[in-house]
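Make a model of the complete structure from these sequences and hints.
Number of protein chains: 2
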Amino acid sequence: MIKNNLLLSALKGNVVERPPVWMMRQAGRYLPEYIALRKKYDFFTRVQTPELAAEITVQPIDIIGTDAAILFSDILVVPQAMGLEVQMVETKGPILPKTISNSADLAALIVNEAAESLSYVYEAIKVTKQKLDNRVPLIGFAGAPFTILCYMVEGKGSKSFDKAKQFCFSQPELAHDLLTRITEVTIQYLRNQIKAGVDCVQIFDSWSGLLSPNDFKEFAQPYLLKIANALRGESPVILFPKGSWYALEDLSDLNIAALGIDWTIHPALARSLTHNKVTLQGNFDPNHLLKPISEIEKEVKQMIDAFGKDRYIVNLGHGILPNVPVEHAKAFVQAVKSYK
Amino acid sequence: MIKNNLLLSALKGNVVERPPVWMMRQAGRYLPEYIALRKKYDFFTRVQTPELAAEITVQPIDIIGTDAAILFSDILVVPQAMGLEVQMVETKGPILPKTISNSADLAALIVNEAAESLSYVYEAIKVTKQKLDNRVPLIGFAGAPFTILCYMVEGKGSKSFDKAKQFCFSQPELAHDLLTRITEVTIQYLRNQIKAGVDCVQIFDSWSGLLSPNDFKEFAQPYLLKIANALRGESPVILFPKGSWYALEDLSDLNIAALGIDWTIHPALARSLTHNKVTLQGNFDPNHLLKPISEIEKEVKQMIDAFGKDRYIVNLGHGILPNVPVEHAKAFVQAVKSYK
Chain A
1 MIKNNLLLSA
11 LKGNVVERPP
21 VWMMRQAGRY
31 LPEYIALRKK
41 YDFFTRVQTP
51 ELAAEITVQP
61 IDIIGTDAAI
71 LFSDILVVPQ
81 AMGLEVQMVE
91 TKGPILPKTI
101 SNSADLAALI
111 VNEAAESLSY
121 VYEAIKVTKQ
131 KLDNRVPLIG
141 FAGAPFTILC
151 YMVEGKGSKS
161 FDKAKQFCFS
171 QPELAHDLLT
181 RITEVTIQYL
191 RNQIKAGVDC
201 VQIFDSWSGL
211 LSPNDFKEFA
221 QPYLLKIANA
231 LRGESPVILF
241 PKGSWYALED
251 LSDLNIAALG
261 IDWTIHPALA
271 RSLTHNKVTL
281 QGNFDPNHLL
291 KPISEIEKEV
301 KQMIDAFGKD
311 RYIVNLGHGI
321 LPNVPVEHAK
331 AFVQAVKSYK
Chain B
341 MIKNNLLLSA
351 LKGNVVERPP
361 VWMMRQAGRY
371 LPEYIALRKK
381 YDFFTRVQTP
391 ELAAEITVQP
401 IDIIGTDAAI
411 LFSDILVVPQ
421 AMGLEVQMVE
431 TKGPILPKTI
441 SNSADLAALI
451 VNEAAESLSY
461 VYEAIKVTKQ
471 KLDNRVPLIG
481 FAGAPFTILC
491 YMVEGKGSKS
501 FDKAKQFCFS
511 QPELAHDLLT
521 RITEVTIQYL
531 RNQIKAGVDC
541 VQIFDSWSGL
551 LSPNDFKEFA
561 QPYLLKIANA
571 LRGESPVILF
581 PKGSWYALED
591 LSDLNIAALG
601 IDWTIHPALA
611 RSLTHNKVTL
621 QGNFDPNHLL
631 KPISEIEKEV
641 KQMIDAFGKD
651 RYIVNLGHGI
661 LPNVPVEHAK
671 AFVQAVKSYK
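Chains as they are written, first to last, in our numbering: chain A, 1 to 340; chain B, 341 to 680.
Treat the hints as calculated values from the structure; they're not laboratory data. Check the hints yourself; a few may be wrong.
Derived pair list, reagent style SDA-like, types lysine to any residue, alpha-carbon separation capped at 25 Å [claimed, not checked]:
1) B/496 <-> A/322
2) B/557 <-> A/305
3) A/159 <-> B/668
4) B/499 <-> A/323
5) A/98 <-> B/432
6) B/380 <-> B/665
7) A/217 <-> A/229
8) B/557 <-> B/498
9) B/638 <-> A/176
10) B/499 <-> A/94
11) A/159 <-> B/365
12) A/217 <-> B/634
13) A/12 <-> A/225
14) B/503 <-> A/325
15) B/499 <-> A/35
16) A/92 <-> B/428
17) A/12 <-> A/301
18) A/92 <-> B/430
19) A/98 <-> A/81
20) A/159 <-> B/617
21) A/159 <-> B/437
22) A/309 <-> A/319
23) B/617 <-> A/269
24) B/432 <-> B/369
25) B/631 <-> A/172
26) A/217 <-> B/565
27) B/438 <-> A/323
28) B/617 <-> B/549
29) A/12 <-> A/322
30) A/156 <-> B/662
31) A/163 <-> B/631
In C-alpha cells, the structure reads:
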C-alpha cells in the first residue's frame, strides 16, 4: 500500500529500478523549517509532542524528497524511560547528571515499565503515518545497548568514552547486567514502535567502533543479535555499527536485513565481507556535501556503481551536518533518483 | 653503542629475543613525578625548557622501564613555529585563536625559518641523550601534515574535524598548498631532530582515520610518503596513521620501517595487509590497562603471540590514559620483558 516501496524492496533484497535514498538526521538542523520550530520549542518538547515530532519527521519528505521518513526522536529517550535524567543542551550535546557506576545504580533502573512510558513516541508514529499518507515508509529506531551504556556510564558525549569502556573492562559482570536490561527495554520499545506503525527499524551503535574486534564480540554483538532475533518476522532491521567494519562478516545474519557502514570502508570490501547476504546502507562522508553540486552528482554515481544498485540503500555514513546547504542535500537525493 | 638495542633491531626487521616495548604518552600525566612538575611549570614551559623536557622524557625509563624514550614535546610546536599561536589549556586541549581559511592566511605562514626556530627541541634532545647515557634509544616525532592541517584549520580538538575536512573538500588547492608547506617544515624539523641525536622518528597522523580511503590517498598519503622518502638513510621512520587500517597495504613502503596500528584491527589482518614487509607497532587498547594485572599479563602474551615476536614493537593503540595506575603500566612493560 505504500506508494514508494523502494526501501522495503531493497531491505527484502529484491531487484529495484534504482536504490532508495534517505539521510541520517535528515529531519533536523540544516533545514530552515526545522530551525524555525527549534526557536519556539526546546528539544524535548519537540520530541515529546507528537504533532511537532510528526511535522519535523515529514519535513524532509516534502522539502528534500527522500524515499523514507525516519521518526524525529533521540536514542536517549531510553535512558530517560529507565529513570535517568537527560539534559539536552542545544549544539552542545546531552548531559546525564546521574550516571551508572555500581550495582545500586543498576538496581534503581526502571526496566519493565520503561518502554510503556514512551507512549508519546508511539503517538508520534501514528500521527506521522497519517501525515505521510502512505507516500513513503517510516523508519523507527533505537540506540544499540553498548551505545546507550556509553551515555549512561559516561554521562555525556565523548571522543573516546574511556569511562564507559573502563566500566565494561573493569566490571564486566555489571556491564553485562546493564546491557541485558537495556536490551530488554529496547526490544519492547522497538516492538511498540512496530505496533504503532513503523515499517522498519534502525539500531544505531554509534560508538561500537571504539571497541576492538574482541570487545565488540563481548559487549556489542550478542545484544545486537538478541534484538534482531527478537524482532524476526515483525520488522526488517537495519543495523548501523558505526566504525565496526571488522564485525561486518559476523553481523551478516539472517535476522538483519541491512548493515549501515561509514565512509572508512570501501563498498567493494563491505560487499565481500558480507558475502552479498545483506543489504548495505551508506556511506557518503557528510562533509562531501560541502563540495560543489556537480561533484556531489559525480560521486553519488560512483558510489552506486561501487555498491551496485540492488541490495543497497543510499545514505550518508553519519548524520547530515548543520551547515549543509539545502540545495546540496536536494542534489544528493536527486542524483540517486536520476541514477542510470 | 646503545645498550638496549631492541627497538632499533625490531625496526630493522632483525630477529630479537623478545619484542621491545614503549607506550605512547609514556612521559606524562599518569606519573606522579610528572604531575609534580606540572604543578610548578605550565605546559609550554615544560616543552620549551630543555632540562625539564629531558627530565620528563627520562622519567618512564627510570620508573617504568620501557625499552625506548620518546621526547616530551607536542605536535603543535610546528604550527607555532609557522606563526600560529597555540594555547594549551590543561586537561582541555589546545586552542589556536587564529586559524587558516584562505590564501592570505596561508601566505602569512612562516616556512623557511620555521624548523630552525625550534632550537629548544634540538637542545632538549641533546640534554636527553646525555641523561639517557646510551641506555635506550630516543624517539623523535612530529605530527603528520593532515593532522597538523586539522588543528590549523579547526583551531581546536574535535571528534570529527568537520571544518578541517570541509576545507580540504571545498578548497582542495589551498589544502594541498598548506599540506605542502607543513610537509616542508616537518622534513626539516625531523632532520634537525635526527642531527641533534634522536635514533628514530615517529610521525603521528592522529586524525587520518577520519578520512575515507580515497581522501586519505589524496590528503594524507602523498605527504607521509614524501617525508619518509626525504628521511631515507637518515633515520628509521615509524608511521602511526591512527584509524587508517585501510591504508596499511599502500603504506607498506620501503622507506617506512614500522606502521603503528590501533586496537580496531586484529594483528593477523594487519600482518596480512602489510605482507610482512614492515614492522608493526601497537595495539593494546589503553583502557585495558584498567583491568586487573593478571589479565593485563595474559592479554600481553596473547597480543605478542598474535603479532609474532619479530618485526613487532609492543605499544598501546593510543596514548596512555591519566587514570592508569603506575603499577599497571609497569605490569604491561614487565609482561613484555618476561615474554617466552
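These are the hints, each one checked on the structure:
no., hint, in the structure
1, B/496 <-> A/322, "19 Å, holds"
2, B/557 <-> A/305, "20 Å, holds"
3, A/159 <-> B/668, "24 Å, holds"
4, B/499 <-> A/323, "16 Å, holds"
5, A/98 <-> B/432, "22 Å, holds"
6, B/380 <-> B/665, "22 Å, holds"
7, A/217 <-> A/229, "16 Å, holds"
8, B/557 <-> B/498, "22 Å, holds"
9, B/638 <-> A/176, "22 Å, holds"
10, B/499 <-> A/94, "15 Å, holds"
11, A/159 <-> B/365, "18 Å, holds"
12, A/217 <-> B/634, "21 Å, holds"
13, A/12 <-> A/225, "18 Å, holds"
14, B/503 <-> A/325, "15 Å, holds"
15, B/499 <-> A/35, "24 Å, holds"
16, A/92 <-> B/428, "21 Å, holds"
17, A/12 <-> A/301, "23 Å, holds"
18, A/92 <-> B/430, "21 Å, holds"
19, A/98 <-> A/81, "14 Å, holds"
20, A/159 <-> B/617, "32 Å, violated"
21, A/159 <-> B/437, "22 Å, holds"
22, A/309 <-> A/319, "22 Å, holds"
23, B/617 <-> A/269, "22 Å, holds"
24, B/432 <-> B/369, "13 Å, holds"
25, B/631 <-> A/172, "10 Å, holds"
26, A/217 <-> B/565, "35 Å, violated"
27, B/438 <-> A/323, "21 Å, holds"
28, B/617 <-> B/549, "22 Å, holds"
29, A/12 <-> A/322, "32 Å, violated"
30, A/156 <-> B/662, "19 Å, holds"
31, A/163 <-> B/631, "13 Å, holds"
Checked against the numbered hints given earlier, this structure breaks hints 20, 26 and 29; the rest are met.
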